[in-house]
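Each protein sequence line maps, in turn, to chains A and B. Note that my numbering has the first sequence beginning at 19, numbered continuously upward. Note that my numbering has the second sequence beginning at -12, numbered continuously upward.
Treat the hints with care, as some may be off.
[As the list claims (entries may be wrong)] Some chain A residues close to chain B (C-beta under 7 Å, calculated; not the full set):
no., residue
1, A84
2, M229
3, P234
4, I248
The set of hints was computed from the structure by calculation and includes no laboratory data. We put the beta carbon where it would ideally sit given N, CA and C, even for glycine.
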Amino acid sequence: MKDLRYLLAAALQGLVLVFGMSAGAHAADAGKDLVLRGDAVCTTCHTAEMTPHVLEIGKTTMGTTADPRTPSCISCHGESLKHRDGDGLPDRTFDKKSTTPIAVRNKACLTCHQGGERIHWTRSPHQENQVACTSCHSIHTQHDKVRDRKTQTEVCFTCHKTQRAEMRRASRHPIAEGKVVCSDCHNPHGTSGPNLLRRDNVNDTCYTCHMEKRGPFLHSHEPVQEDCTICHNPHGSSNPTLLKVRLPFLCQTCHEPNRHPGTMPDPTAINSGLSNFSTNKAVIMGRGCVQCHADVHGSNTPNNDAAAFRH
Amino acid sequence: MKASRKDPFILTAAAAALLLAFGPALAQDNSAAQLTKPQSSINVGVGYVSKDNQRFGQYNGLTDKGAYGIVDFSLNKRDDATGTWFRLMGRDLGYKDPELRLEQKRQGDWGYYIDYTRIPRYEPYTINTGLQGVGSTSQTVVPITPGAGTDYQLDTKRDRWTIGLEKAYRQWNVQVRYRNEEKDGSQQWSQGRFGFYPRFLAKPIDYTMQQVDVMGDYNTDRFQVRVGYYGSMFDNKNKLLTASPPNGTNYFGEMSLPPDNQSHQFYVSGGYNFTDTIRSDFKVSYGRATQNDSWAIAPPAGVTATSLDGRVDTTLVQAGVSGRATSKFTWRADLRYENRDDKTPQVVNASLESYQPRSIERTTGKVIGHYSLPNGFRLTGDITYDQKKREVPEATVVDFRETVNEATYRVELRRAVSQTVTGALSVAHSKRDGSEWLDNRLDDPTFNIIAPIYTADRDRNTVRLVVNWMPSDPLSVNFRADQSRDDYTGRNTETNGYDVGPREGKASNYSVDASYVFSESVTGTAWLSHGDTRMSEATCQERSATLPGNPGGTCQTGGTNYAWVGDVKNLADNFGLGLRAKATSRVDVGADVTYAKVRDEYGLSALDANTAAQLTSQGPLPDITTKVTTVRLYGKYALDRKSGVRVDWIYDQYQTDDWTWSRWIYSDGTTALQDPNQKVNYVGVSYYYKFQ
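Whole structure, please, built from the sequences with the hints as guidance.
Below is the structure:
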């Protein structure tokens, strides 16, 4: 293994030596733009040595100067005439301790980014709660954490602490692995639906991955058709399949007690054999009620027995 | 059922080949270029998992003891002359959840991408069963002595391909996205009915899910609009699971699997700036979902329909406007109407229960005002009104309400801009009620005592406090408290006077986060949170031999009739610590420790003496406590400015005393068990190389 690692290292180094291309960017002469159009007025002071992070905007889409839409420094920070004269901060700043009003900061972004995914920004709770674009996005870096599926939650959980705790529970979506991330279900920039959901309602959002639940089924379970979150907590749960409450307690919040839905759970272990079984044990063990009502999301079997979602 | 591991050495070689293909063109040794040109990287090595496990690898596939390849790369190149980006990203290529993405884009002109990802999911329990035919649509239940069967680690995997195209022209931008996802594998399942207790089955999964998004944007300074189509198609290759031996109608010979369905939606959304301070936004959409797959089994005699021919049309209209009335007062008003119109024909036949339509109209209105106060404070008040109107079905098994209304009033004081302290205090009250209750019509029509939790009258009070404190440059502290309480009002029709149904719910979460910059090269973070969620409900067990139930809405007593209260609690404590340090010019180290302890309590109490005696006899429901401890350490040693060696160590411990599985045996002898104390170590050593 060690040999392979060194072999690879040597091979990769060799590749660069052989194929390494000429340098791309040229060090700026005084008065010449370094990264963005018209940035010389800023980069005369904000040099690579003094404030390297400022220049790193060149690694981003903002630094793609061939695109005529990309901004200059003053597009976002303002003319900042006093700052240029060495007096105070730029007109608009975006750091954590900035005193620039949030709306002014965000307008700098929305001037260009008002359409598409951000059409409903004024409807977003993030806007209502005075969240700045730069609270989540890092502009001067190639790696904007919130746009990387592996690191996005680090940003979202800065505020959403309940969800941070819930995703560590036994039943969860693969959020930690970056396979399901906040922005798969939510558009933080605003939507026409509830809770910033990407689709128009809860169910349509869930169906993007769980289409088999859509039906409609001959025998349909009313809350299933209405809102998945009546029963499930998508952010994580102690209970199997992200259920809000363990069965049978969850089912009993709606169902009448006649027949057996009001069964009181009995924790006595089932040892073996049918003689040891009882409904009181079965409703709390394993998957609870849905061990018999196995098609609880709906059944398409043309049979009255299936009305109870048993097959 | 164990999947074979991919050979890490082959993947490592593959990664090197990728670099050979794309690496030329990339090396630059110019400080300005290093700062301004997109950077690429590759990371190759080997990781080792110390032990077979069920939780640590549940979603990344690191479930088996042994070696795995570490192969990650991110190639980013930009042609500055044309503004054309080329990106190639690969992640976790040596694991069972690889990701690959190829993207090329001329910024502001055209672009395309191809994306692949695999999402595995391993069931957290080892199934020991005699079931024959696992993975197929024909399964035979073979009873066994518990533990004497064959072990299965059931899993599913999703293979997801996405292709995207984009073209911009002046103010126009058109995007097309197509996704195809194949989901295969098996999931834990079962069948049974009252008195014929559950026997184990394995649900065979063979789904194809396709999605199409077409979006056209037109943007000007004043007006932005998006016109779009979204299609979603589900295809299930398995329609039916045949389970044998059947036992009349007790163990069904056929278990239906989800039918094919599809949905198509057209929409227009947009925004318009009337002035610099007044903006409106809207969305109008129309969608149709259909399901006309053939019946899973032959219908009863007399039913001529060959499928449900299900159809649900959904219309959405939303419009809002916001503005600034004075320099200190801003406002917004919003109205949203969504109509889910279930147009599925009713399959009416004497021998087959009719389809019950689920049409729902939802109307939501909200007005909100913000008033600026001195010292950066802002006062907010808002009112939200939400109404759901449901079509009344012919048959219901729960009590039903045609209309449910909820009004929410909220006041908030917020300070968002300050160099030392920001935060908010928000208080809200919601009141939910609705139209007259309609009794359930399918079971005993006189036994209607439960108000379902999602339609019951409810008073909800919530309080939220957020404080961000930045007392000095190196230290910042965040405190957040969320608290809510729900009080439910039942139907009050139980003749003993028992308050049955949902009674109350409480939820709170408190958290403190702190970060400290010890020096330019050392930073630390710490956080702590406590969550407490509770629900209380009451019901009664009616086991009358003669159906339907006991008339008159009375919880009976004596024998196996019990009237009882369930108090369910979920108590969670979490903490995390993080440290990042640049120990020397060549050495970076980092550490993260997270710990979660969740305790679920299931309190039972009696409403009568007979129930109290039974509770004494059977004993309490034990708590379930689950603890997850994860330690992640890494160290990076730079061989030079571009390359280095990275070492990762992860320790993961999952502990649980979940008795609901350890005490459970399916009626055919199948067990589903997990190791109650799973400790896994993972060590990874890799070589990284960065270039431009």
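Run the structure past the numbered hints and jot down the numbers of the failing ones, going up. none
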